[in-house]
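Student: Sequence:
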Amino acid sequence: MNEFFLSLSEDSCRLIDLILRLIINTVFCFIIARALYFPKSRRKDFFFTYLLMGFAIFMLIHLMSDSKIKTGIAMGLFAIFSIMRYRTESVPIREMTYLFLVIAMATVNGVAWEANISRKTADFLGPELVSAGELLLTDLLFVLAIWLVEGVNFAKGLQSKFIRYDKIDLITPERHDDLIADLKKRTGLDITKVSIGSIDFLKDMALLKIFYKDNDDEGEILDKLPKLFQ
Numbered sequence: 010m011n012e013f014f015l016s017l018s019e020d021s022c023r024l025i026d027l028i029l030r031l032i033i034n035t036v037f038c039f040i041i042a043r044a045l046y047f048p049k050s051r052r053k054d055f056f057f058t059y060l061l062m063g064f065a066i067f068m069l070i071h072l073m074s075d076s077k078i079k080t081g082i083a084m085g086l087f088a089i090f091s092i093m094r095y096r097t098e099s100v101p102i103r104e105m106t107y108l109f110l111v112i113a114m115a116t117v118n119g120v121a122w123e124a125n126i127s128r129k130t131a132d133f134l135g136p137e138l139v140s141a142g143e144l145l146l147t148d149l150l151f152v153l154a155i156w157l158v159e160g161v162n163f164a165k166g167l168q169s170k171f172i173r174y175d176k177i178d179l180i181t182p183e184r185h186d187d188l189i190a191d192l193k194k195r196t197g198l199d200i201t202k203v204s205i206g207s208i209d210f211l212k213d214m215a216l217l218k219i220f221y222k223d224n225d226d227e228g229e230i231l232d233k234l235p236k237l238f239q
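Residue numbers for the sequence shown, in my numbering: 10 to 239.
Bear in mind the hints are in silico, worked out from the structure with no lab data behind them. Keep in mind that this is a model prediction, so the values were computed, not measured. Note that beta-carbon positions come from the ideal geometry of N, C-alpha and C, so glycine has one too. Among these hints, one or two may not hold up.
[What the hints assert, rightly or not] Straight-line Cα separation of at most 25 angstroms, SDA-like style, residue types lysine to any residue; simulated pairs: (1) Lys170 - Asp213; (2) Lys194 - Ile205; (3) Lys218 - Pro182; (4) Lys170 - Lys193; (5) Lys170 - Asp199; (6) Lys49 - Thr106; (7) Lys222 - Ile180; (8) Lys53 - Asp26; (9) Lys53 - Ser21; (10) Lys170 - Val152; (11) Lys193 - Met214; (12) Lys170 - Pro182; (13) Lys170 - Asp148; (14) Lys194 - Ser207; (15) Lys49 - Glu159; (16) Lys176 - Glu159; (17) Lys176 - Gly197; (18) Lys170 - Leu153; (19) Lys53 - Arg23; (20) Lys222 - Asp209; (21) Lys170 - Leu198; (22) Lys202 - Asp223; (23) Lys202 - Asp178; (24) Lys176 - Ala190; (25) Lys53 - Val152; (26) Lys193 - Thr181; (27) Lys176 - Asp186; (28) Lys202 - Leu192; (29) Lys222 - His185; (30) Lys49 - Thr196; (31) Lys222 - Pro182; (32) Lys194 - Gln168; (33) Lys53 - Leu72; (34) Lys212 - Pro182.
[Unchecked claim] Restraint-style ranges between C-beta atoms, simulated for each label pair: (35) Arg173 - Leu69: 41 to 49 angstroms; (36) Ile205 - Asp54: 48 to 56 angstroms; (37) Lys170 - Asp54: 42 to 50 angstroms; (38) Ala190 - Asp213: 14 to 22 angstroms; (39) Leu150 - Ser204: 33 to 41 angstroms.
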């Protein structure tokens, strides 16, 4: 590898370095977005967001020439996106976690492997910080960590949903069992607990939060009441 880099011009070496790392970053971003995130959420908006965010962060980090500037930008990006909230809707925790992971991986790929081509000498040592193998292993560990958490349900338990309920005669404490039985019949869910929120006697409506055993991990879980129903 060292002899190959030494035989190239500085511009050619930089171009090859960019192409190789861009391919590595794009492949692993696609694996995370398509193979790990998308099968459960089925949200194309976040799927494309992760791909483009990974590309944008990688290019931004890579094209900054000074390593100190790169590190400062990387830390700034982590700070920005850790507190970021879209104006139209809150980003779910799972989606924000994937976004954080994609940014972290793109930052590592953009900073870690850079051929030291500033000096063409016989003691040229190739990549300045880490080898290509170490970079691939790091990206594989990102994917493996996500796969383990997604594939093995360490915290399988209750899921929750909000329901606007019309039979307010069943929300009294003495008819709690009847309330759960009616909700089980109408929703088809294995409901174990019900929390009663606001009650509107004029419309004969009550806001309930039901907790049920989740036997199907597929799909997105709505765990926050949309603004439309608040």
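Student: Next, verify each hint and record whether it holds.
Tutor: How the hints compare with the structure:
1. Taking the CA atoms of Lys170 and Asp213, the gap is near 20 angstroms; set against the 25 angstroms cutoff, the hint holds.
2. Proximity of Lys194 to Ile205 is assessed by CA-CA distance (about 18 angstroms); at most 25 angstroms being required, the pair is judged to hold.
3. Simply put, Lys218 and Pro182 have alpha-carbon atoms about 15 angstroms apart, close enough for the 25 angstroms limit, and the pair holds.
4. At most 25 angstroms may separate the alpha-carbon atoms for a hinted pair to count; Lys170 and Lys193 meet this at roughly 13 angstroms.
5. A C-alpha spacing of about 12 angstroms is found between Lys170 and Asp199, which places the hinted pair at or below 25 angstroms, so the restraint holds.
6. Annotation: proposed proximity of Lys49 to Thr106 holds, straight-line Cα distance about 14 angstroms (limit 25 angstroms).
7. Annotation: proposed proximity of Lys222 to Ile180 holds, straight-line Cα distance about 21 angstroms (limit 25 angstroms).
8. Annotation: proposed proximity of Lys53 to Asp26 is violated, straight-line Cα distance about 31 angstroms (limit 25 angstroms).
9. Taken as a hint, the Lys53 and Ser21 pair is broken in the structure, with Cα atoms around 37 angstroms apart against an allowance of 25 angstroms.
10. A threshold of 25 angstroms between alpha carbons decides the hint, and for Lys170 with Val152 the separation of about 30 angstroms lies outside it, so the pair is violated.
11. Distance hint between Lys193 and Met214 is fulfilled; the C-alpha atoms sit about 18 angstroms from each other, no more than 25 angstroms.
12. At most 25 angstroms may separate the alpha-carbon atoms for a hinted pair to count; Lys170 and Pro182 meet this at roughly 20 angstroms.
13. Between the alpha carbons of Lys170 and Asp148 the distance comes to roughly 36 angstroms, so the proposed pair goes past 25 angstroms and is violated.
14. For the hint pairing Lys194 with Ser207, the CA-to-CA distance comes to about 23 angstroms; that is within 25 angstroms, so the pair holds.
15. For the proposed pair Lys49 and Glu159, the alpha carbon gap of about 9 angstroms is at most 25 angstroms, so the pair holds.
16. The suggested pairing of Lys176 with Glu159 is violated, with an alpha-carbon distance near 38 angstroms, which exceeds 25 angstroms.
17. With a CA separation close to 17 angstroms, the supplied pair Lys176 and Gly197 stays within the 25 angstroms bound.
18. Straight-line distance between C-alpha atoms of Lys170 and Leu153 comes to about 31 angstroms, which puts the hinted pair past the 25 angstroms bound.
19. Restraint check: the Cα-Cα separation between Lys53 and Arg23 comes to about 34 angstroms, which exceeds 25 angstroms; the hinted pair is violated.
20. For the given pair, Lys222 sits about 28 angstroms from Asp209 by alpha-carbon distance, which is inconsistent with the 25 angstroms threshold.
21. Restraint check for Lys170 and Leu198: the C-alpha separation of about 11 angstroms stays at or below 25 angstroms, so the hint holds.
22. Between Lys202 and Asp223 the alpha-carbon distance is near 13 angstroms, which keeps this suggested pair within the 25 angstroms criterion.
23. The suggested pairing of Lys202 with Asp178 holds, with an alpha-carbon distance near 18 angstroms, which does not exceed 25 angstroms.
24. For the proposed pair Lys176 and Ala190, the alpha carbon gap of about 12 angstroms is at most 25 angstroms, so the pair holds.
25. Using a Cα cut-off of 25 angstroms, the hinted pair Lys53 and Val152 holds, with the two alpha carbons roughly 20 angstroms apart.
26. Straight-line distance between C-alpha atoms of Lys193 and Thr181 comes to about 17 angstroms, which keeps the hinted pair within the 25 angstroms bound.
27. Annotation: proposed proximity of Lys176 to Asp186 holds, straight-line Cα distance about 14 angstroms (limit 25 angstroms).
28. Pair hint Lys202 plus Leu192 holds up; C-alpha atoms about 10 angstroms apart against a cutoff of 25 angstroms.
29. In summary, the hint linking Lys222 to His185 is supported, as the alpha carbons are separated by about 18 angstroms, within the 25 angstroms threshold.
30. Distance restraint check for Lys49 and Thr196: the Cα-Cα separation of roughly 22 angstroms lies within the 25 angstroms cut-off, and the hinted pair is therefore satisfied.
31. With a CA separation close to 22 angstroms, the supplied pair Lys222 and Pro182 stays within the 25 angstroms bound.
32. Under the criterion of a C-alpha separation no larger than 25 angstroms, the hint pairing Lys194 with Gln168 is consistent with the structure, at around 18 angstroms.
33. Among the hinted pairs, Lys53 with Leu72 is inconsistent with the structure: their alpha-carbon atoms are about 29 angstroms apart, more than 25 angstroms.
34. Of the supplied pair hints, the one linking Lys212 and Pro182 holds, its CA atoms being roughly 21 angstroms apart against a limit of 25 angstroms.
35. A hinted range of 41 to 49 angstroms for the beta carbons of Arg173 and Leu69 is consistent with their spacing of about 45 angstroms.
36. In this structure the supplied range 48 to 56 angstroms is violated for Ile205 paired with Asp54, their Cβ-Cβ distance being about 34 angstroms.
37. Separation of Lys170 from Asp54 is about 22 angstroms and departs from the stated range, judged on CB atoms against 42 to 50 angstroms.
38. Distance hint for Ala190 and Asp213: a CB-CB separation of about 20 angstroms, consistent with the stated range 14 to 22 angstroms.
39. The given range of 33 to 41 angstroms is respected by Leu150 and Ser204, whose C-beta atoms sit roughly 40 angstroms from each other.
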